[in-house]
Amino acid sequence: MFASKKDSALLDWLEERFTIKEELEKNTTKKMVPPHINWLYCLGGLSLTIFIIQVVTGVFLMMYYKPTPELAYGSIEFIVKEVPYGWLIQRVHSIGANTMIILVMAHMVRVLFYNAYQKPRELHWISGIFLFGLTLITSFTGYLLPWTQLSYWGATVGTNMPGSAPIIGEWMVRMSRGSEQVSGVTLTRFFALHVVVLPAMISAFAGWHFVMIRRTGVAGPF
Amino acid sequence: MVDGTIDSDALSKRRKFIKGLIGFFGIATVAGVTYPFVRYLQPIKQQEGEGRVEIAEADLPPGKAVLINYKGNPAVVINTGGGYIALTAVCPHLGCIVKWQEEEGILFCPCHAGKFDTDGNVLAGPPPRPLEKFPVRVAGGKVILGGV
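Here the protein sequences line up with chains V and Z, keeping their order.
At the far end of the first sequence sits residue 222, using the numbering used here, and the numbering has no gaps.
At the far end of the second sequence sits residue 370, using the numbering used here, and the numbering has no gaps.
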């Protein structure tokens, strides 16, 4: 780890078959960052860190959560009050969602003010816009899951918004709810999006985002 | 790195100390984060009146049986006609759940065809020992297991 002179026999054995050491060093431990980097360049990486925390705590919440109108609130209450450290995992997941939005937005503001989105980095910005939208939708769908009054009416107001779009507005409202009003169908629909579809999409777009930034390097100096 | 003014022996000692310190705090951090997650997954003990279970007599007519959760494990309560009997429903062979067969008046394990009479004795099949029996009493129209 810390510039050890001699690798262990296990690492040598792996290296003979895997031959990844050089690539790994080039891209991680021996990668030089440009001297103009400052702390604001950490915002994207911090967003990724929070995303990983959200995935881990989310999986743990899913072990006790029950996505039905009858059981959802009770299962969250059970997690917070009965399960050891459930309060911690639930709080980290909830606060993490808000923190992630703040960090993603701060990251975007940094890129915007540094003109870092300009050629040849337009694709970074485009994939980033997708990531921003996906982050917001993931938070919104997650907000309904505890099935509280706040969640319910939050989802009602949120799913009403596309209704003002011409022609397809009404259709979009019904499709997002799966029923005329927010109901148990909406809950399971949001649950599926929140735990499977959206995290998978975020991972895919984030992968694209990271490959791009490695190809071009970070922007600057300015 | 060594500029000559610092004794290289002292430097390597210091380096070793710092490495140890980083290792210690690293392990402490990982342990501190892992601990809540491990505890989160441990089964939660239900503490409801020391495992007392009540069944209304009306719900258990003669010849019938109910499957209940007694102290965290499945148990079967049978009304034999002559009285109530409570036995563990976990087969002592490989842990399947035995089922009450009203027509034959026996408990049957579906996994390897173990058969037990209403006292829990093995009648047929591979079970190595009888089913454990639990004391049961009747009070105020209720069949009661456990508790005081």
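Think of the hints as simulated: they come from the structure by calculation, not from any bench.
Wrong hints could be hidden among the right ones.
[Stated by the list, open to error] List time: in silico DSS-like cross-link candidates among lysine-lysine, alpha-carbon distance up to 25 angstroms: (1) V:K31 - Z:K241; (2) Z:K293 - Z:K355; (3) Z:K267 - V:K21; (4) Z:K267 - V:K66.
[What the hints assert, rightly or not] Pulled a few chain Z residues facing chain V out of the computed Cβ check, cut under 7 angstroms: (5) P258; (6) R261; (7) Y262.
Backbone N, C-alpha and C define an ideal beta-carbon position, used for all residues, glycine too.
Tested hints:
1. With a C-alpha separation of about 22 angstroms, the suggested pair K31 (chain V) and K241 (chain Z) falls inside the 25 angstroms cut-off, and the hint holds.
2. For a cut-off of 25 angstroms, the pair hint linking K293 (chain Z) to K355 (chain Z) stands: about 14 angstroms separates their Cα positions.
3. At most 25 angstroms may separate the alpha-carbon atoms for a hinted pair to count; K267 (chain Z) and K21 (chain V) exceed this at roughly 48 angstroms.
4. A distance of roughly 20 angstroms separates the Cα atoms of K267 (chain Z) and K66 (chain V); the hinted pair therefore holds under the 25 angstroms criterion.
5. Proximity of P258 (chain Z) to chain V holds as hinted, the smallest CB-CB distance being about 4 angstroms (cut-off 7 angstroms).
6. Contact between R261 (chain Z) and chain V, as hinted, is supported at the beta carbon level, the nearest pair being about 4 angstroms apart and thus within 7 angstroms.
7. The interface hint given for Y262 (chain Z) holds, since its Cβ lies 5 angstroms from the closest Cβ of chain V, which is under the 7 angstroms cut-off.
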